[in-house]
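Peer 1: On the provided structure of chain Z, position chains L, B and E as indicated by the hints.
4 protein chains.
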Amino acid sequence: MVIVMNHNATDEQIENVVNRLESAGYRAHLSRGIERTIIGAIGDETSLGDAGIELLPGVENVIPIMQPYKLASRVMKEQGTIVTIGDVEIGGETVQVMAGPCAVESKEQLFEIAGRIKETGARIMRGGAYKPRTSPYAFQGLAEKGLQLLAETREKFGLLIVTEVMDPRTLPLVAEYADIIQIGTRNMQNFYLLREVGRYNKPVLLKRGLSATIEEWLMAAEYILNEGNPDVILCERGIRSFETFTRNTLDLSSVPIVKHLSHLPVIVDPSHGIGKFRFVPPMALAAVAAGADGVMLEVHSNPLEALCDGAQSLTPKKFGKTMVRMAAVAQAVGRKL
Amino acid sequence: MVIVMNHNATDEQIENVVNRLESAGYRAHLSRGIERTIIGAIGDETSLGDAGIELLPGVENVIPIMQPYKLASRVMKEQGTIVTIGDVEIGGETVQVMAGPCAVESKEQLFEIAGRIKETGARIMRGGAYKPRTSPYAFQGLAEKGLQLLAETREKFGLLIVTEVMDPRTLPLVAEYADIIQIGTRNMQNFYLLREVGRYNKPVLLKRGLSATIEEWLMAAEYILNEGNPDVILCERGIRSFETFTRNTLDLSSVPIVKHLSHLPVIVDPSHGIGKFRFVPPMALAAVAAGADGVMLEVHSNPLEALCDGAQSLTPKKFGKTMVRMAAVAQAVGRKL
Amino acid sequence: MVIVMNHNATDEQIENVVNRLESAGYRAHLSRGIERTIIGAIGDETSLGDAGIELLPGVENVIPIMQPYKLASRVMKEQGTIVTIGDVEIGGETVQVMAGPCAVESKEQLFEIAGRIKETGARIMRGGAYKPRTSPYAFQGLAEKGLQLLAETREKFGLLIVTEVMDPRTLPLVAEYADIIQIGTRNMQNFYLLREVGRYNKPVLLKRGLSATIEEWLMAAEYILNEGNPDVILCERGIRSFETFTRNTLDLSSVPIVKHLSHLPVIVDPSHGIGKFRFVPPMALAAVAAGADGVMLEVHSNPLEALCDGAQSLTPKKFGKTMVRMAAVAQAVGRKL
Amino acid sequence: MVIVMNHNATDEQIENVVNRLESAGYRAHLSRGIERTIIGAIGDETSLGDAGIELLPGVENVIPIMQPYKLASRVMKEQGTIVTIGDVEIGGETVQVMAGPCAVESKEQLFEIAGRIKETGARIMRGGAYKPRTSPYAFQGLAEKGLQLLAETREKFGLLIVTEVMDPRTLPLVAEYADIIQIGTRNMQNFYLLREVGRYNKPVLLKRGLSATIEEWLMAAEYILNEGNPDVILCERGIRSFETFTRNTLDLSSVPIVKHLSHLPVIVDPSHGIGKFRFVPPMALAAVAAGADGVMLEVHSNPLEALCDGAQSLTPKKFGKTMVRMAAVAQAVGRKL
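Residue numbers (this note's numbering), protein chains in the order written: chain Z, 2 to 338; chain L, 2 to 338; chain B, 2 to 338; chain E, 2 to 338.
In isolation and in its complexed conformation, chain Z is listed as follows (with noise of 0.2 angstroms):
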């Protein structure tokens, strides 16, 4: 970290400030300008911590200067991560397809849009079992019911399943049946939870939180690796920001700076990012072309009698011509769908 001394610091001020990082560890390195002194402290921020050093007298600034996350940076891993299950490979040069309802609702639901889907080519299925909803009045989920059709589901049309978990009990569960678990975007500092994802063997696939930088979301992913779980999924949902047109700001340029700054593979779910249908296909498109891994996408076979989140969901009409023109970009940049 560098540290910046008021204009008027003392030569006192300054000698403290060097003795105490000297005690917690760090090597000090002053710069005296014309109008402030600068120190640099040399050594690991992430264990030597700041040593209160903001709260010295003659400070006025501190600055951190080292990526707080090491196991998710690519400076300590220079090779993309590839998340692999079974033959699908996220993370590699195809662009995966992760597409389905909002919610599971009946097994009837899931095995129409499943069968649309994999008519695309699409590998993986995505439904919730566990919703997390703004209102309690709201449907919640079928629970364990709904892991149990989407394991079904799985069997009968060869789809991988990528699954929300939202409590730490039912983890072990979740873990059971899915084949990537989801961390969604309002538990992607629920420390805890991804501590007991980290433990398990299973790919997780890590919502960016609605007001996370880049550089928290990674910390989050850090929590993850951590524990020894080396499959973390990225995925850009949009932030929040001052426009209301849109449900939230989908974020693409995350896509490209993720890939620089970290090994792990990155997708968008351009749904949730906007929230109404009619703009979710440019976005898919656009997220391609930006680079990310993956796309998410919400499709249902009922839009009007969706139980959650109707208004974003493609038909599978609309999916099918979607994956057309996703292909078509890939090509375009690359890659292959």
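By construction, these hints were calculated from the structure, which means they are not laboratory data. Heads up, some of the hints might be wrong.
For identical chains, the list gives no copy identity; a pair is met inside one copy or between any two copies.
As the list claims (entries may be wrong) - Below, a list of computed lysine-lysine pairs in the DSS-like style, where the Cα atoms sit at most 25 angstroms apart:
id : residue 1 : residue 2
1  : 71        : 319
2  : 78        : 277
3  : 71        : 146
4  : 119       : 318
5  : 119       : 108
6  : 337       : 319
7  : 337       : 322
8  : 71        : 277
9  : 322       : 78
10 : 157       : 108
11 : 277       : 203
12 : 146       : 78
13 : 119       : 319
14 : 203       : 319
15 : 71        : 108
16 : 203       : 78
17 : 78        : 318
18 : 318       : 203
19 : 157       : 277
Peer 2: For chains L, B and E alone, kept in the frame of chain Z given last:
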């Protein structure tokens, strides 16, 4: 809700919307304007839902007009709620102060701070035994040992204890030790945790989420109230904005707004809102002037050595001075400290 | 607009609202629900105004339901606007690229860059003669001298010129030299400047304000259109969010949304949106995939020595490669470059 | 500034950065850590610029560490600035109140309101003759006629006048009539206008931009100060956030922060910050408690008929009560009204 039809919606499309509304249980009220037709849907949106209206042909926009919360609403209960713990009232004439360290570190630390807080007349002590930290490498709290130290402090100094729960699995333990159970900003939409604390007979301090609208915050309170626990205290602690000088942007306007929309008491935590101790006292005064029912302040005897959030902690001496100034402002707005 | 009455509004209060609406020129439509009464006000909100309804006793909320823009709306003009300058069309099948340096620095600089741009097939050159700079100590542009250099460049290379105007007093000069007059993000709500360019017969490139909603952006276009200038090109260039890694948050979802709400063409400036050259090419590809009618890119032969925004400028070589890749994506989505 | 090198930067790359810094006029200070090398650049960043360092090979990040403003900085001038107009001081012991209608509508309106304001002891009247309106169809102000009415009001009631300028072409006129020239939020970065008012001998009220950081706001003040006008009064009026219940999010923490960073006086406009009259008085009290040097309030005798911003205007009666309460809070924090 109100349905705005496209400017070129056909009579058939309008009729279709009306039929669907009626079959969902609404009464529909047509207003034909020169440019557009508007349909008012009369009925309880909370239980009837949106009926997928947004997806019907010819519909441009659907605007909800009812507050989605009921139990938290002042419409439901005109009289302001006073949360009473022994002889301490939150939401009454007295502005309550909750003070203490970010994290419980040791018995010596707690006792030292508790003694200084007690002297100022404050009645409630804060201190975290389970700490939500952005980094997995940061101090995570003393866990149960920390709870025990808080209990000892309560016994010795007669202060009430507020402490955070992060995980439904440790809730029974936290509830056993705490006088007020805190739900932190990152868990404001941890719905399973909200439901669980709703089943306890202990007051809950519900911090506003980093990017939660006031409505979403009241909906989170609704989850707790809906399980039968009436004692929810709301806590404004800053929201995320583009400004980077402060840790967060303390939204003091939420105080009079919450008191208008809801009967629940609301307090303010300027320490987390600002993140720099120097600016905490003026914002504490502003919170009292804005009508807050309480103020939560981080106090540490030696902020330099604090294991967490030293930079935003007041020393006991600065805290004592702030108490005196808050008392003056409280009196100026017709309350007392 | 729709007026939502308090749950305990009296009949007299309701009648009072109805009377006021009618005397303001609206027709009022009452919908009495069990919990609340809703009043639909039928009439042209743009000319009739809000009649102060929000302040009447018993009124809880007033919700505008009409789009406040008319001339910019696709309701008004279903066919997309194509801005034509010579044989260059913006808003047609071809995705137009506008490239060049942040600031005009010298003839050598301009000619060097123009030659490289020309080679790639791009048709429009950007370059600022008047520069809005956060600091009064930063390079403020060459002013009229810069305009003259741009004109020489146009003559020599046959490229169209887009350049920014910041002050109504220099507009006549800028309009004399420019093919497209740019209104920068900081002037999106400089209403006198908007009105002035509305009186010229030159296409206007209107950048989205840093914190402007899509609706406010279209209202700014409305100011220009309302003065008689039909040739407005909208330009998404990033909005302000809490994320600090990027200079701004490029909101690509505004592209399909603007094309849905308005008939005006819309282009994207990823250079300012991201602020770091490394991430500009993938976002340029994403812009094309999302349906943008053009892309604006900062290109400098020697970014290291650029007087402005070097960090986000592409070298001519990187720009050339990006053109090839954009052409592939354009083709994939049924357009050409 | 501080330059952070990549973890795998070569010695040659490091040397290259040092050479470039030195040829730009900086002294360079190397700190070699285990993981990375950090280079401190000692020199005046404001005049030396960034030298394109960010683009050099091996550079990961460039962190500016000096405040970019000088004249506005408290480092430059420790004593707080008091803006004096006749016997009215802004920035002194007295908290000054500026009250009046959003827009000048007629002589009767102004005289009626001025009389009521005068009674309360306030010394400064606000009122817009040129109005920045989101819609081109909304009332745009009485222009010069409005200025004349303000002048008549000043003469009759002995109140000082603050009124907004939007266009450099009308500045001579506005400066002739106004005691304090207001720069509105949308023009905070209208740099030509800032420079122009900097050449006048009249105090300038500079509102914070809707999405301006505190640093950008002080940089806007720097533009004015740099032209020779020392009398800048800053005005916090709310920033844009995701919260939609309020018109803006009033960032009261900017008050103590500005007073720490700068010597300029700072006032607060809660009317625009909140946008709903009901919540304006508590926020006015909070502004005084936070240390503001003044409060600006919209007051209208008949908000229902106001041509602009009626919903956020106080009646003279409510304003009178608020004055009494603000006086009590001012006294509680050691000031007077």
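Peer 1: Evaluate each hint against the coordinates.
Peer 2: Comparing the hints with the structure gives:
no., hint, verdict
1, 71 to 319, "neither (41 angstroms within a copy, 31 angstroms between copies)"
2, 78 to 277, "between (38 angstroms within a copy, 23 angstroms between copies)"
3, 71 to 146, "neither (39 angstroms within a copy, 30 angstroms between copies)"
4, 119 to 318, "within (13 angstroms within a copy, 43 angstroms between copies)"
5, 119 to 108, "within (16 angstroms within a copy, 59 angstroms between copies)"
6, 337 to 319, "both (20 angstroms within a copy, 24 angstroms between copies)"
7, 337 to 322, "both (16 angstroms within a copy, 20 angstroms between copies)"
8, 71 to 277, "between (37 angstroms within a copy, 23 angstroms between copies)"
9, 322 to 78, "neither (37 angstroms within a copy, 28 angstroms between copies)"
10, 157 to 108, "within (11 angstroms within a copy, 59 angstroms between copies)"
11, 277 to 203, "neither (32 angstroms within a copy, 35 angstroms between copies)"
12, 146 to 78, "neither (40 angstroms within a copy, 38 angstroms between copies)"
13, 119 to 319, "within (14 angstroms within a copy, 40 angstroms between copies)"
14, 203 to 319, "neither (31 angstroms within a copy, 40 angstroms between copies)"
15, 71 to 108, "neither (43 angstroms within a copy, 34 angstroms between copies)"
16, 203 to 78, "within (20 angstroms within a copy, 48 angstroms between copies)"
17, 78 to 318, "neither (41 angstroms within a copy, 29 angstroms between copies)"
18, 318 to 203, "neither (32 angstroms within a copy, 43 angstroms between copies)"
19, 157 to 277, "neither (31 angstroms within a copy, 47 angstroms between copies)"
Comparing the model with each numbered hint stated earlier shows that hints 1, 3, 9, 11, 12, 14, 15, 17, 18 and 19 do not hold.
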